[in-house]
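*Asks:* Since the structure of chain W is already known, use the hints to place chain C on it.
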Amino acid sequence: MNLLWVVLLPLIGTLVPLFTERFGRNICTLSVAILPAWSLILVLMFAGDIFDGQEIRQSIAWIPAMGLDLSFRLDGLSLLFLLLILGIGLLVILYARYYLSAKDSMGQFYAYLILFMSAMVGIVTSNNLIQLWIFWELTSISSFLLISFWSHKSEARKGARMALTVTGAGGLALLAGLLLIGNIVGSFDLDTVLSSGDLIRSHATYPIALTLVLLGAFTKSAQFPFHFWLPHAMAAPTPVSAYLHSATMVKAGIFLMARFYPVLAGTDLWFIIVSLTGLITLLIGAYVALFKHDLKGLLAYSTISHLGLITLLLGLNSELAAVAAIFHIINHATFKASLFMAAGIIDHESGSRDMRKLNGLWKYMPYTATLAMVAALSMAGVPLLNGFLSKEMFFSETLNQSTLGSLSWLIPMLATVGAAFSVAYSLRFIHDVFFNGEPIDLPKTPKEPPRYMKVPVEILVTLCLVVGIFPAYVVGDLLNVASLAVLKHEVPIYSLAIWHGFNIPLFMSFMAMVGGATIYYNRRHLFEFQSHFDEPDAKQIFEGVIQSIVRGSQKVIDTLENGSLQRYIFLLLLFTLVMGALPLLDLTQNTGSRAQIPLDGVTLTGALLLILSAIATVIWYRRRFLALIFLSVVGLIVSLAFAQFSAPDLALTQLSVEIVTIILLLLALFFLPQNAHKESTNRRLSGDLLVSGLLGCVIGTICFAMLTTPLNTISDFFIANSKTGGGGTNVVNVILVDFRGFDTLGEITVLGIAALGVFKLIAKMRIFMPTRDDKGRAWSNDPHPMMLEMVSQSLLPLALLVSVYIFLRGHNVPGGGFIAGLITSVAIIQQYIAHGVMWIKPRINIDYQWLIAGGILIATATGLGSWIFDRPFLSSWFDYFDLPWIGKFELASAMLFDLGVYLTVVGAVMLILANLGKLTTSERIHIKEND
Amino acid sequence: MEAIYAFCVGILTTCGFFLVLRGRTFTVVIGLTLLSYAVNLFLFASGRLKLDSAAVLGQSAEYSDPLPQALVLTAIVIGFAMTAFVVILAMRSRADQGNDHVDGQIRLPLNQTHISDKRNG
Chain W
757 MNLLWVVLLP LIGTLVPLFT ERFGRNICTL SVAILPAWSL ILVLMFAGDI FDGQEIRQSI
817 AWIPAMGLDL SFRLDGLSLL FLLLILGIGL LVILYARYYL SAKDSMGQFY AYLILFMSAM
877 VGIVTSNNLI QLWIFWELTS ISSFLLISFW SHKSEARKGA RMALTVTGAG GLALLAGLLL
937 IGNIVGSFDL DTVLSSGDLI RSHATYPIAL TLVLLGAFTK SAQFPFHFWL PHAMAAPTPV
997 SAYLHSATMV KAGIFLMARF YPVLAGTDLW FIIVSLTGLI TLLIGAYVAL FKHDLKGLLA
1057 YSTISHLGLI TLLLGLNSEL AAVAAIFHII NHATFKASLF MAAGIIDHES GSRDMRKLNG
1117 LWKYMPYTAT LAMVAALSMA GVPLLNGFLS KEMFFSETLN QSTLGSLSWL IPMLATVGAA
1177 FSVAYSLRFI HDVFFNGEPI DLPKTPKEPP RYMKVPVEIL VTLCLVVGIF PAYVVGDLLN
1237 VASLAVLKHE VPIYSLAIWH GFNIPLFMSF MAMVGGATIY YNRRHLFEFQ SHFDEPDAKQ
1297 IFEGVIQSIV RGSQKVIDTL ENGSLQRYIF LLLLFTLVMG ALPLLDLTQN TGSRAQIPLD
1357 GVTLTGALLL ILSAIATVIW YRRRFLALIF LSVVGLIVSL AFAQFSAPDL ALTQLSVEIV
1417 TIILLLLALF FLPQNAHKES TNRRLSGDLL VSGLLGCVIG TICFAMLTTP LNTISDFFIA
1477 NSKTGGGGTN VVNVILVDFR GFDTLGEITV LGIAALGVFK LIAKMRIFMP TRDDKGRAWS
1537 NDPHPMMLEM VSQSLLPLAL LVSVYIFLRG HNVPGGGFIA GLITSVAIIQ QYIAHGVMWI
1597 KPRINIDYQW LIAGGILIAT ATGLGSWIFD RPFLSSWFDY FDLPWIGKFE LASAMLFDLG
1657 VYLTVVGAVM LILANLGKLT TSERIHIKEN D
Chain C
437 MEAIYAFCVG ILTTCGFFLV LRGRTFTVVI GLTLLSYAVN LFLFASGRLK LDSAAVLGQS
497 AEYSDPLPQA LVLTAIVIGF AMTAFVVILA MRSRADQGND HVDGQIRLPL NQTHISDKRN
557 G
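Chains as they are written, first to last, in the numbering used here: chain W, 757 to 1687; chain C, 437 to 557.
This is chain W alone, in the form it adopts within the complex (with noise of 0.2 Å):
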């Protein structure tokens, strides 16, 4: 388990700062430190085994189901990745005890700075990609938490928000690319990925995946065109810089490449991305790093151009290349390291990083001078140092390629150009900084800084020298299994040597000397030059694409999503009509093979009644009342149309439904505009209808195919079981509350949910009361004519009659529950409408609420009731008696549930229909308000 805690450790370590901080800065930094150096032991117990040749792996089972692990691996470059991670990431943390302020709040800076450094440890020793990928975004949520950690400077807040959104954007990229691999190698494990480079070079996608895999690489690594974000990303703190910057988050992308070697190099279209975008960074970052009055700029630009060296060699599809490449991740984490700590230093102990009034700070700190002068030395590339060693190979590397054919001699050309550049701006660090005459106008006098702010910058400048003298002893070992690591065989021979003797790549250095020197010396031609141009502003581009992305999508938004519940459904309907009318299309015919139904003079003439209440009803429905009578005219017919198809239950329903909806409506209508004036315009209206009249082609071809085809259907097993199983001769009813019983348990629950919604609606309804109609005509001063109170109280016994008839035969013959409770309901609300509620108020005293409650109480337990006899939820029971006088009945535990249902509709249906008419009344119902 040992490996998994390498990667636990930092993560729990992020934690620790949150709880020490209010212990002091010495300890929250001890306390911080503890478990990455915990973690680093860890890996360099391993380093033998690693040395030895072996891979370490392991892994737990996360979503098995899905085959994904929590999987790692410890191989030479996630060895040499993690020595940088945690061994920097440890002088980085001690070196921010000394840079942070006593305003800045530590144990969150730390917290952030080891949430990063615990995501860049999980990237390089994931072994499977998609956690891999995870690790990866965690680092740029971290660097964007980092970079952005002094929130109240603007700049702060942009450059996080850029290099968030630039890595972000690959980091997407990656996602895809990685979830292309995984489908091509059809496994995200990287072992098995690492092992088929044959398979994914061959693949059609390689391409997609290769430029997917790599824009996330050269995001993550500010190569061009993507380096823009580094240079702002300087508003960071400066351990921030020295750690993200230069030395790892920068790497990752490095890293990715490296990783993916095996199986994403050695092609012409890896060459031709990898090597030409690691050249142009490589150049432009060495140029206009020159230019750079800010000290962190110049760095930020080096950086990039280092970093376009790396890529420039890892494109080379050349082993010795790759070597020298890893070589450099070694060299150039340490130079510039240490090169943004001085920087650090020199802006903390003297406030300021411009250039160009840092000048002469030799006399006032020698000994950090003497350190940066050493780290800037190595940078340039001068013999004795370590960044030298790495960029012969680069040169030599360099001239052993042929792969722009004859024009292959341009790349050791442009690479020399690239490092005399380097060598200019090295030049302009020590020279400009350090000497130059004296001071101009900082903020402070410069001094020394703590001694221990020092410390890691002497360790890593020490670093710079002993590898530069005795490179074989100090990193051959490291470097080896590294490049074993990536190459995936043997390693190329190679020697680690500083002196190879009078060769071409010693001369191109040599030439590199000198024209670095002759640039620098020459330098104010070359910046009055570069005065002519305008340098474009990164910050500003950006921001005017993001805006101008903030813009259209508004402009969408606007369009789509207006307000207007009119848009919203006409926008759904389209799509509606296209996603239904598009298979319709391909349709060869619309006609099944059924045999059809003649048709006969009485369906035809309620056919045209209904066809024409409804056009009607659109027609007139600016007049409400009228088009409620039409539109009760269709209700009726529809409920025909049932009759006459054969389904009496369902005829039964509709017809006492549409008694309820059209009193419903009718009182609806007292409170609402009985008229509406004319409002959508012509072309509205024409659209509408244009585009419900081809839906309404689409769903009526769609029924009419429906119709014509043959039926096969389930429910031959409900009409065999019916008598048998459920007792009772009605199909329908015994589906209901038999069958599919639980569903039924489930509608009147909602029916009853629905009731008490509107109850609550109703409640605190502060609604006018019309006391005219709208042509200003009094409401009728006789609410209850005599006629119909008498009429109306003596039909009440035999309606309440004949819905127990209904609920009785239900089961049996059509009828049952939902019926019979219309029926009551309609018998109720009759007694409502004849006499008015303070009349109903004595006589009625049913809390309609409890019925409700009580009838899916009833229809529950009798689900229930089954379990008793060790029966599954809501199983049925029946048995015949005899008794004198009344003959044989049947007995059977889906009339209770029967009875629940029939409880139910009626307090659902009165609970709706008698309080939305009391509002008509002084006795309206009121709530208090707080409830």
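Hints listed in this document are in silico derivations from the structure and should not be mistaken for laboratory results.
Given the structure is predicted, the values throughout are model-derived calculations rather than measurements.
Mixed in with the good hints there might be a few duds.
[Unchecked claim] For lysine to any residue, the following SDA-like pairs were computed, each having C-alpha atoms within a straight-line distance of at most 25 Å:
{"hint": "1", "chain 1": "W", "residue 1": "K1520", "chain 2": "C", "residue 2": "A526"}
{"hint": "2", "chain 1": "W", "residue 1": "K1295", "chain 2": "W", "residue 2": "V1306"}
{"hint": "3", "chain 1": "W", "residue 1": "K1516", "chain 2": "C", "residue 2": "R528"}
{"hint": "4", "chain 1": "W", "residue 1": "K1244", "chain 2": "W", "residue 2": "F1027"}
[Stated by the list, open to error] To spell it out: a stretch of chain C is covered by chain W in this simulated footprint if at least three of its residues, at any positions, have a beta carbon under 8 Å from a beta carbon of chain W; those stretches are:
{"hint": "5", "stretch": "478-489"}
{"hint": "6", "stretch": "522-528"}
{"hint": "7", "stretch": "533-540"}
The beta-carbon is built from N, C-alpha and C at its ideal position, and this holds for glycine as well.
*Replies:* Chain C only, in chain W's frame:
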């Protein structure tokens, strides 16, 4: 008979959608009611059309498909509950907003600000 049935479903769908696309709550409710007729008829049609064959055992030689009927039966009742809910919502909206537009406010063209409509009150 099938053709005229399907035609009726189509007409009801068209009328329903057209009214649903209007801007006033009551009209939308009427449209929804028409639509629910169409939907119920459509669902019912999935059991095909049969004359004189109610799904009551022993009363006819062959039976119509009872399953769509059972589904439609509950759909009718729930449809009523939903209609009621929407109607009351519409009333509540008029009570709280002062107008009966589906958006709760009336949009007037030519830069006029939104006003409440109490003309019809």
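*Asks:* Now, for every hint given, state plainly whether the structure supports it.
*Replies:* Each hint, compared with the structure:
no.	hint	verdict
1	W:K1520 - C:A526	holds (14 Å)
2	W:K1295 - W:V1306	holds (16 Å)
3	W:K1516 - C:R528	holds (11 Å)
4	W:K1244 - W:F1027	holds (19 Å)
5	478-489	holds (count 11)
6	522-528	holds (count 6)
7	533-540	holds (count 3)
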